[in-house]
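Undergrad: Read off the chains here:
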Amino acid sequence: MGCVMDSEQLARRAEKHVALRKGLMIVNALAYIGWIGSQGLAQSDAFGVPPSTWEIVRHLAMPVWAVSLLLILAQYAMLKRNRAVAVLVDDERSKEKTALAFQGGYWVLLVAVASVYAATFFEPDLDMRTFMPLLLAAGVAAPAFTVTFFGKD
Amino acid sequence: MAERLRNRLKDYRTARSLTQADLAVMAQVSRKTINTIENEVFVPSTTLALKLAQVLGVRVEDLFYLEAL
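If you read the sequences in order, they're chains B and H.
Take numbering that gives the first Met the number 0: the final residue in the first sequence is number 152, and no numbers are missing along the way.
Take numbering that gives the first Met the number 0: the final residue in the second sequence is number 68, and no numbers are missing along the way.
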């Protein structure tokens, strides 16, 4: 009975770590889009929003991104010290999902770059200072979204 | 001829009165991985298949088999 209780506790603890990691990754990805994306949007008057507002978004999003990244790293460090839980969190299935997520990020970035390139045929004066940060944010944030939203079984 | 990988993981696990959490800890994978293998959603690597067979004390061929479609 003791063994069963231990297994259940370990499994639950690992599942909590997985849920926490997913939450942190989403916050990190959204904050990154807010931080880097707003840098690009500040170069234009997109959505009728003045550049000063995008600057505020940038200054608010950057600390959120940094704190969430530190928390993700802290969780990795915590798991390094607790191997019994770590092997349940990062098993071969989660590694396979992570690899698929990075492939997803690659395709999102590729399609986004191709879309911007295609758009230049219709609008030759596209400002790359606006689009490059948005492309970067999309490519970096896409893996976090794919692993979180499409990683469910 | 097309074939599908099937398994008897749930049968062997329940015969030994193990929960999915017990088997997960013994095989060092998540409970969800055990669940998805049992439901034939996730196909484990050879290493994990051998490990599952080892912890359950059976041959890997008894645990996993091919079924013609």
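None of these hints come from the bench; they were simulated from the model.
Quick reminder that beta carbons are idealized off the backbone N, C-alpha and C, glycines included.
One should not assume that every hint holds.
[Said to hold, decoys possible] Capping the alpha-carbon separation at 30 Å, the derived lysine-lysine pairs in DSSO-like fashion look like this:
| # | chain 1 | residue 1 | chain 2 | residue 2 |
| --- | --- | --- | --- | --- |
| 1 | H | K9 | B | K15 |
| 2 | H | K50 | B | K21 |
| 3 | B | K21 | H | K9 |
| 4 | B | K96 | B | K79 |
| 5 | B | K94 | B | K21 |
| 6 | H | K9 | B | K96 |
| 7 | H | K50 | B | K96 |
[As the list claims (entries may be wrong)] Restraint ranges, calculated between C-beta atoms of paired labels, are given here:
| # | chain 1 | residue 1 | chain 2 | residue 2 | range |
| --- | --- | --- | --- | --- | --- |
| 8 | H | L49 | B | T119 | 21 to 31 Å |
| 9 | H | T45 | B | Y75 | 39 to 49 Å |
| 10 | B | S43 | H | L65 | 53 to 63 Å |
Undergrad: Honestly, do L49/H and T119/B meet the 21 to 31 Å range at C-beta?
TA: 54 Å, violated
Undergrad: Decide if the proposed pair is consistent with the structure: K9/H and K96/B, CA atoms, cutoff 30 Å inclusive.
TA: Satisfied, since the Cα-Cα distance of roughly 23 Å is no more than 30 Å.
Undergrad: Are the Cα positions of K94/B and K21/B separated by 30 Å at most?
TA: 14 Å, holds
Undergrad: Taking 30 Å as the top limit, are the C-alpha atoms of K9/H and K15/B close enough?
TA: 24 Å, holds
Undergrad: K21/B and K9/H: Cα distance at most 30 Å?
TA: Holds, at about 28 Å.
Undergrad: For the pair supplied as a hint, K50/H and K96/B, is the alpha-carbon distance within the 30 Å limit?
TA: 21 Å, holds
Undergrad: Given the hint that K50/H pairs with K21/B, does the C-alpha gap stay at or below 30 Å?
TA: 28 Å, holds
Undergrad: Evaluate the given range 53 to 63 Å for the C-beta pair formed by S43/B and L65/H.
TA: 58 Å, holds
Undergrad: Okay, T45/H versus Y75/B on CB: inside 39 to 49 Å?
TA: With a Cβ separation near 28 Å, T45/H and Y75/B fall outside 39 to 49 Å, so the hint is violated.
Undergrad: Regarding the pair K96/B and K79/B, is the alpha-carbon distance no greater than 30 Å?
TA: Measuring from Cα to Cα gives roughly 20 Å; hence the hint holds.
Taken one by one, the earlier hints fail for this structure at numbers 8, 9, listed in ascending order.
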